[in-house]
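Participant: Chain by chain, the residues run as shown.
Number of protein chains: 2
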Amino acid sequence: MKKAVILVSGGIDSSTVMAIARSEGFDLYALSFDYGQRHRYELESAGRVSRFFHASGHLVLRIDLGVIGGSALTSDIIVPEGRTPDAMPQDIPVTYVPARNTIFLSFALAWAEVLKAYDIFIGVNALDYSGYPDCRPEYIKAFQNMADLATREGVEGRRIIIRAPLINMKKSEIIRKGIQLGADYSLTHSCYNPSPDGIACGRCDSCILRKEGFREAGIEDPALYA
Amino acid sequence: MKKAVILVSGGIDSSTVMAIARSEGFDLYALSFDYGQRHRYELESAGRVSRFFHASGHLVLRIDLGVIGGSALTSDIIVPEGRTPDAMPQDIPVTYVPARNTIFLSFALAWAEVLKAYDIFIGVNALDYSGYPDCRPEYIKAFQNMADLATREGVEGRRIIIRAPLINMKKSEIIRKGIQLGADYSLTHSCYNPSPDGIACGRCDSCILRKEGFREAGIEDPALYA
Chain A
1 MKKAVILVSG GIDSSTVMAI ARSEGFDLYA LSFDYGQRHR YELESAGRVS
51 RFFHASGHLV LRIDLGVIGG SALTSDIIVP EGRTPDAMPQ DIPVTYVPAR
101 NTIFLSFALA WAEVLKAYDI FIGVNALDYS GYPDCRPEYI KAFQNMADLA
151 TREGVEGRRI IIRAPLINMK KSEIIRKGIQ LGADYSLTHS CYNPSPDGIA
201 CGRCDSCILR KEGFREAGIE DPALYA
Chain B
1 MKKAVILVSG GIDSSTVMAI ARSEGFDLYA LSFDYGQRHR YELESAGRVS
51 RFFHASGHLV LRIDLGVIGG SALTSDIIVP EGRTPDAMPQ DIPVTYVPAR
101 NTIFLSFALA WAEVLKAYDI FIGVNALDYS GYPDCRPEYI KAFQNMADLA
151 TREGVEGRRI IIRAPLINMK KSEIIRKGIQ LGADYSLTHS CYNPSPDGIA
201 CGRCDSCILR KEGFREAGIE DPALYA
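Protein chains in written order, with the numbering used here: chain A, 1 to 226; chain B, 1 to 226.
Excised from the complex, chain A in its bound form (with noise of 0.2 angstroms):
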């Protein structure tokens, strides 16, 4: 059986990531981090994700991003709220992490390499998060140039492919396509800014989007909101 290597949040794009690999028939070994984000309640969901999806290894390495700062789900920068999609910047939001994904991608490389999973699913999106610089398809097209060339597998004429499948679709596309391919969403947390006890505040950026995508798709979302 083929091994993929995941990146898991826990919130609803990457659950649909790993309801497409699953689907693809795919060896499901999750990656997620534990990166002194402000909203934890997400490693809990990539744990309850992976084992709904019966992942074969669900590790979640400790990076300390806090120390490098310079993001609002790092630091004490304020999350902004109240913001319907339309309104929100063009520009890059203060929630952008620098340079996560490509951290993320490549940490999930070296595991790929050591288990010799050819796979690396990463649930990016460009739509709706289109002022986030390392979600956009020209970016993972360069990760890969880079990946081909950077380890033993590359060298020997194997690649790792990181595969993006989200990329170009809307939320609420990505939201059918997981409830069509057995997705549980209610598993899922997608808030910046939760309550102590977990609850979704339904005002940041994150919340809003996928509440305007449940909608959208016209599909009840599971979530409780404060």
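No lab work stands behind these hints: they were computed from the structure.
Honestly, I wouldn't trust all of these hints.
Copies of the same chain look alike in the list, so a pair counts if it works inside one copy or between any two.
[Said to hold, decoys possible] Derived SDA-like pairs: lysine to any residue, alpha-carbon spacing no greater than 20 angstroms straight-line:
hint, residue 1, residue 2
1, K141, G154
2, K141, G47
3, K3, H54
4, K116, F214
5, K141, R159
These figures come from a predicted structure and were not determined experimentally.
Knowing the structure of chain A, use the given hints to seat chain B on it.
Facilitator: Leaving out everything else, chain B in the frame of chain A:
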């Protein structure tokens, strides 16, 4: 004063790179990794080298590559000893750490972006370590292309440049260059397999390349060997 992030392992190469960056007038920010390596003495050397060059900061990030494994430097694979430079294999050695430079450069990119440093120095060398895929010029070039697309700075037209000034130099040339620029190699540590009190074995590939480099440069090696 323009800032630079310098990847510092505490060996000959990164110490020389610190000397080069200082000679170019950079304000130095040293970055090291506690990655579960067997030769932990290198972190103390990295600290000594950073203080010697009056770095404005020295960040030691803990990342657990040991749980990923796949290398003699992070797991219980035996480090080879007693090989002459000619007898070292041309294929990838067991001391190769999967995707290590990709992971290190990714964190350097994140920190550079937060610091607003537009130069990252790395002491990779394609000649003495020809077996490591992520020490080759074509790898560094591909990482640069990816980095240009990965960051806020890149999107806004300010490139963060990856500089590998030693990439085509022989070890003896690196040592001569460092001495000329005031590096103090008595502070450095190279051994893959030191004794519990930090004495170099003199027999691993890294010790042998170091001793050969000093011999060829006609300079006395200040390291203590068992």
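Participant: Next step is simple, just say for each hint if it's right about the structure.
Facilitator: These are the hints, each one checked on the structure:
no.: 1; hint: K141 - G154; verdict: both (15 angstroms within a copy, 16 angstroms between copies)
no.: 2; hint: K141 - G47; verdict: neither (29 angstroms within a copy, 37 angstroms between copies)
no.: 3; hint: K3 - H54; verdict: within (13 angstroms within a copy, 47 angstroms between copies)
no.: 4; hint: K116 - F214; verdict: neither (37 angstroms within a copy, 39 angstroms between copies)
no.: 5; hint: K141 - R159; verdict: both (13 angstroms within a copy, 18 angstroms between copies)
When each numbered hint is compared with the structure, violations occur for hints 2 and 4.
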